[in-house]
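Residue numbers (this note's numbering), protein chains in the order written: chain A, 1 to 503; chain B, 504 to 1006.
I should point out that these hints are in silico values taken from the structure, not numbers from a laboratory.
One or more of the hints may lead you astray.
Have a look at the derived ranges for each label pair, beta carbon to beta carbon [to be verified]:
| id | chain 1 | residue 1 | chain 2 | residue 2 | range |
| --- | --- | --- | --- | --- | --- |
| 1 | A | LYS245 | B | ARG703 | 51 to 61 angstroms |
| 2 | A | ALA54 | B | GLU993 | 27 to 37 angstroms |
| 3 | A | ARG465 | B | ARG990 | 51 to 61 angstroms |
Calculated lysine-lysine pairs in the DSS-like style (CA-CA distance at most 25 angstroms, straight line) [to be verified]:
| id | chain 1 | residue 1 | chain 2 | residue 2 |
| --- | --- | --- | --- | --- |
| 4 | A | LYS245 | B | LYS626 |
| 5 | A | LYS123 | B | LYS748 |
| 6 | B | LYS748 | B | LYS510 |
Here are some, though not all, of the chain B residues that point toward chain A, as calculated from beta-carbon distances under 7 angstroms [to be verified]:
| id | residue |
| --- | --- |
| 7 | LYS526 |
| 8 | ASN530 |
| 9 | GLY531 |
| 10 | GLY599 |
| 11 | LEU620 |
| 12 | PRO845 |
| 13 | ARG890 |
| 14 | VAL918 |
All C-beta atoms, glycine included, are put in the ideal place defined by N, C-alpha and C.
Protein chains: 2
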Amino acid sequence: MSPERIKVASLLDKVMTAAEAAKLFENGMVVGSSGFTKAGDSKEVLPAFAERAAGEDIQITLMTGASLGHGTDGKLAAAGALKKRMPFQVDATLRGKINQGEVLFMDQHLSEAAELLHNGTIKMDLAVLEVAGIEKDGSLIPTTSVGNSASFAALADKVILEINESVPLDVLGIHDIYMAENYPYRNVIPVVAVDNKIGRRTIPLDLNKVVGIVFTNRHDSPADIAAPDVKTSAIASHILNFLEKEVAEERLTERLLPLQAGIGKVANAVLTGFQHSKFKHLTMFSEVLQDSTFDLIDAGIMDFASASSITVSADCYERVMGDLDRYRDKIVLRPQNISNTPGLIRRLGVIAINTAIEFDIYGNVNSTHIGGSRLMNGIGGSGDFARNAYLSIFVTQAASKEDRISHVLPMVSHVDHTEHDVDILVTDVGLADLRGLAPRERALEIINNCVHPDYRAELLSYFERACAQVGGQTPHILSEAFSWHIRLAETGSMKKAETVNAA
Amino acid sequence: MSPERIKVASLLDKVMTAAEAAKLFENGMVVGSSGFTKAGDSKEVLPAFAERAAGEDIQITLMTGASLGHGTDGKLAAAGALKKRMPFQVDATLRGKINQGEVLFMDQHLSEAAELLHNGTIKMDLAVLEVAGIEKDGSLIPTTSVGNSASFAALADKVILEINESVPLDVLGIHDIYMAENYPYRNVIPVVAVDNKIGRRTIPLDLNKVVGIVFTNRHDSPADIAAPDVKTSAIASHILNFLEKEVAEERLTERLLPLQAGIGKVANAVLTGFQHSKFKHLTMFSEVLQDSTFDLIDAGIMDFASASSITVSADCYERVMGDLDRYRDKIVLRPQNISNTPGLIRRLGVIAINTAIEFDIYGNVNSTHIGGSRLMNGIGGSGDFARNAYLSIFVTQAASKEDRISHVLPMVSHVDHTEHDVDILVTDVGLADLRGLAPRERALEIINNCVHPDYRAELLSYFERACAQVGGQTPHILSEAFSWHIRLAETGSMKKAETVNAA
Chain A
1 MSPERIKVAS
11 LLDKVMTAAE
21 AAKLFENGMV
31 VGSSGFTKAG
41 DSKEVLPAFA
51 ERAAGEDIQI
61 TLMTGASLGH
71 GTDGKLAAAG
81 ALKKRMPFQV
91 DATLRGKINQ
101 GEVLFMDQHL
111 SEAAELLHNG
121 TIKMDLAVLE
131 VAGIEKDGSL
141 IPTTSVGNSA
151 SFAALADKVI
161 LEINESVPLD
171 VLGIHDIYMA
181 ENYPYRNVIP
191 VVAVDNKIGR
201 RTIPLDLNKV
211 VGIVFTNRHD
221 SPADIAAPDV
231 KTSAIASHIL
241 NFLEKEVAEE
251 RLTERLLPLQ
261 AGIGKVANAV
271 LTGFQHSKFK
281 HLTMFSEVLQ
291 DSTFDLIDAG
301 IMDFASASSI
311 TVSADCYERV
321 MGDLDRYRDK
331 IVLRPQNISN
341 TPGLIRRLGV
351 IAINTAIEFD
361 IYGNVNSTHI
371 GGSRLMNGIG
381 GSGDFARNAY
391 LSIFVTQAAS
401 KEDRISHVLP
411 MVSHVDHTEH
421 DVDILVTDVG
431 LADLRGLAPR
441 ERALEIINNC
451 VHPDYRAELL
461 SYFERACAQV
471 GGQTPHILSE
481 AFSWHIRLAE
491 TGSMKKAETV
501 NAA
Chain B
504 MSPERIKVAS
514 LLDKVMTAAE
524 AAKLFENGMV
534 VGSSGFTKAG
544 DSKEVLPAFA
554 ERAAGEDIQI
564 TLMTGASLGH
574 GTDGKLAAAG
584 ALKKRMPFQV
594 DATLRGKINQ
604 GEVLFMDQHL
614 SEAAELLHNG
624 TIKMDLAVLE
634 VAGIEKDGSL
644 IPTTSVGNSA
654 SFAALADKVI
664 LEINESVPLD
674 VLGIHDIYMA
684 ENYPYRNVIP
694 VVAVDNKIGR
704 RTIPLDLNKV
714 VGIVFTNRHD
724 SPADIAAPDV
734 KTSAIASHIL
744 NFLEKEVAEE
754 RLTERLLPLQ
764 AGIGKVANAV
774 LTGFQHSKFK
784 HLTMFSEVLQ
794 DSTFDLIDAG
804 IMDFASASSI
814 TVSADCYERV
824 MGDLDRYRDK
834 IVLRPQNISN
844 TPGLIRRLGV
854 IAINTAIEFD
864 IYGNVNSTHI
874 GGSRLMNGIG
884 GSGDFARNAY
894 LSIFVTQAAS
904 KEDRISHVLP
914 MVSHVDHTEH
924 DVDILVTDVG
934 LADLRGLAPR
944 ERALEIINNC
954 VHPDYRAELL
964 SYFERACAQV
974 GGQTPHILSE
984 AFSWHIRLAE
994 TGSMKKAETV
1004 NAA
């Protein structure tokens, strides 16, 4: 425990163990926790509460920024500690409990989660916030994410602080804490360029709310960085070629517009691809800064990156946290209701690249569900960005599992992003540019460019028969629309029996 | 022809007949036209072009603000004059051609249509704009709508003006023309209250583009106002009771927040209901001002209303246009990319009330398609508002056609608004408040409150069997999800045979 991390002497007697802090939780509480894409999460108190809950009949509603690290969501779910969880998760154990109906999950746009608190729909009893330190004025220095922490600090009745001594104190200054006013007094959010800082460096807090302070030395869970493979490289190449064409046709310049990229292999491959491109002075307006962001900054290709968290590999963590002065004027971390706010995404003209589970012939995208029922992770920020982007790009592999699953389908089994909000679809096979196209044109563009060859003929047949037999603006044969999903569930493959036998 | 409507003398020799103007159209042109919810549309030139096209092999792409009056879309469609139409329509003849695949229709968020022009994806050859007059500086006085006219005037290569002498010239001043900057230079749109005027009163125009001026004296097509009936009154009553509860629980005040209401019987019933409520100092931030808006203003209940058009009955038209000074400081008409812009809707905290064709047990809403394939009208502004509203409310009748059709279903056949964007669902049966609920909770709230009694048991059975047999976050039995739609197509009713016989 380093007292220099607590610059308010009266708080020193609030220091306690994680187990003691975990006793402050009460059954039925609504608890808010820091943590966004595994960064800046509670590393002691929530795990200690999971331990307590394993032997006790106690459940909470847990709202975070986004996903937690260290398997904490899994520990809480396994202990039966979660009644309801929002707004996002990526944990396999929790996912299982959600899909069994044992944990209620509210799958929310990340920009909107805190609105339910600010407008009084949900009352928050307790917040657990990781911080690097407490300033003399009682305000909090966040660590590797901001997420919803500023809202939780303002709106929770009680607050437990988790001081992470492994985060250097000179992290102070990389955050920009801005709180939008409550209705009807909400004003302009005055960001007109990605590098505008509009708020304060620390999170204000009424110290009377502090009921416990716990120390930790643990790092964030490292991001798993998958190297580009044949498919992700193909997808990245299609996107880069498309952007080069947009520059050649003078709709964009070599600086492009601010980039947003979801987490994962494809986003990583695309951003890596920019290193070998002719684009320059790039910027990012996204929700997470990944290894590839810092690689682009180091290579002098990216000028500035705005997000709500830093989620990087262990190596990159050392590189960034060990040399913060190098990045101080090139990055900013914002509250997620600023990093993801629709108005700013539209104003800045973001180029948004997000991952789909599947998409259909008219360009509807499923980002969240398997087979129409089972949750994968959640919508996260994809809707915040896709709905309001200058260019909304969705990517997925054309087929997977030895090509038994096609990711381009007659009709998606769950819609997260409608045809109205999707501009560009990309698979390893190719890219479909849907801008300005009506649904029947979109279908041909998608079938001709994105579908795995094993499925192209059948998908074209579906579309042509739907046009002939049913007609309409988006022709569908409802009795067949989900036949590929049903075939997969029954036979283990979306392919017709003869195709499987022939293979 | 009144020369006082053209204050630039050099333009007088551009005056021509509608038939002459129609000859300026060329095959394959992209044409933009004024007109938004039947207000301020081209009343001479487009109909004359339809006449010309009936005897000639000529087709155009037509982009408007929103729907046109005077059956013009039908005349154009019947003449085979439309290759592609965007972003919205409500005409029965055109709808038929779209559903037959003879006219391509791009169904767009109304806030976004002009973006395709501004970013260079679509080039506009010709614009036809209704105006009340031309000012000395060559700028244009719009009439009863703004729609996309400012964008069309700026971006079309050539412009035909249609001067409507039936619109009083003192309409000057009710419009607020603001053009957002192109990327990457877009700035804050500085509206922080519904009555903020941020632009100019007239639409700037390069007069070298003017290729023709046509005079007309025809009024807008009048709105059909349906009196509230038992069902719409019930829906309105549920909404008003809900809003009163929100006030009682101090999440809203008696001024509420700015209202948006779609066009139609239900919106009319709700707004009429406000006349007998205790709400006061109401405001509106919507896309269209209807009779009920002016009734509320006249009753002293509404202080100010912002929209992109005035679409009213013939009586109300006389009342408003005959006494514009009475309303001048209480209304404003904006371009549709301002009236409907996501950032302003979020900033102002709009309460959005829109009509659904059907919704499902998890709260997904279909606003546009019948049976998954056939277009009704289009998404219009519903997505602009629902996605970003403070409260997103969708309404529909629980059942229709002697209750043979349920509008609450296992799964919607087309998704325009996802579960993430829908807060409140209302039918004549009751209201479901979905805020803060996970999908399985939403299903019970909807089934318990919104479903017609004839369908409640079967819908509950579907949900319970889906939970038991499939599980997941949004349990669905894919082979049954559309069974109600399929049954309707096959038997003329969504009811099972035994239910029909019993009735």
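Quick rundown of the hints versus the structure:
As the Cβ distance of A/LYS245 to B/ARG703 is approximately 37 angstroms, the hint placing it in 51 to 61 angstroms is violated. A hinted range of 27 to 37 angstroms is violated for the C-beta pair A/ALA54 and B/GLU993, which are about 53 angstroms apart. Taken as a hint, the range 51 to 61 angstroms is violated for the pair A/ARG465 and B/ARG990, whose Cβ atoms sit roughly 21 angstroms apart. Restraint check: the Cα-Cα separation between A/LYS245 and B/LYS626 comes to about 17 angstroms, which is no more than 25 angstroms; the hinted pair holds.
With a CA separation close to 17 angstroms, the supplied pair A/LYS123 and B/LYS748 stays within the 25 angstroms bound. Between B/LYS748 and B/LYS510, the direct Cα distance comes to roughly 55 angstroms. Violation of the 25 angstroms bound is thereby established for this hinted pair. A hinted interface residue such as B/LYS526 counts as satisfied when its beta carbon comes closer than 7 angstroms to some beta carbon of chain A; here the least separation is about 27 angstroms, so the hint is violated. Proximity of B/ASN530 to chain A is violated relative to the hint, the smallest CB-CB distance being about 19 angstroms (cut-off 7 angstroms).
With its C-beta approaching chain A no nearer than about 14 angstroms, B/GLY531 sits outside the 7 angstroms limit, and its interface hint is violated. Taking 7 angstroms as the C-beta contact cut-off toward chain A, the hint placing B/GLY599 at the interface is violated, the least distance being around 10 angstroms. Look at B/LEU620: its Cβ only gets to about 10 angstroms from chain A, farther than 7 angstroms, so that hint breaks. For B/PRO845, the interface hint holds, since its Cβ comes within 7 angstroms of a Cβ in chain A; the closest pair sits about 5 angstroms apart.
The interface hint given for B/ARG890 is met, as the beta carbon of that residue sits about 6 angstroms from the closest beta carbon of chain A, less than 7 angstroms. For the restraint placing B/VAL918 at the interface with chain A, the shortest Cβ-Cβ distance is roughly 4 angstroms, inside the 7 angstroms limit, so the hint holds.
Of the hints listed earlier, those the structure fails to meet are numbers 1, 2, 3, 6, 7, 8, 9, 10 and 11, in rising order.
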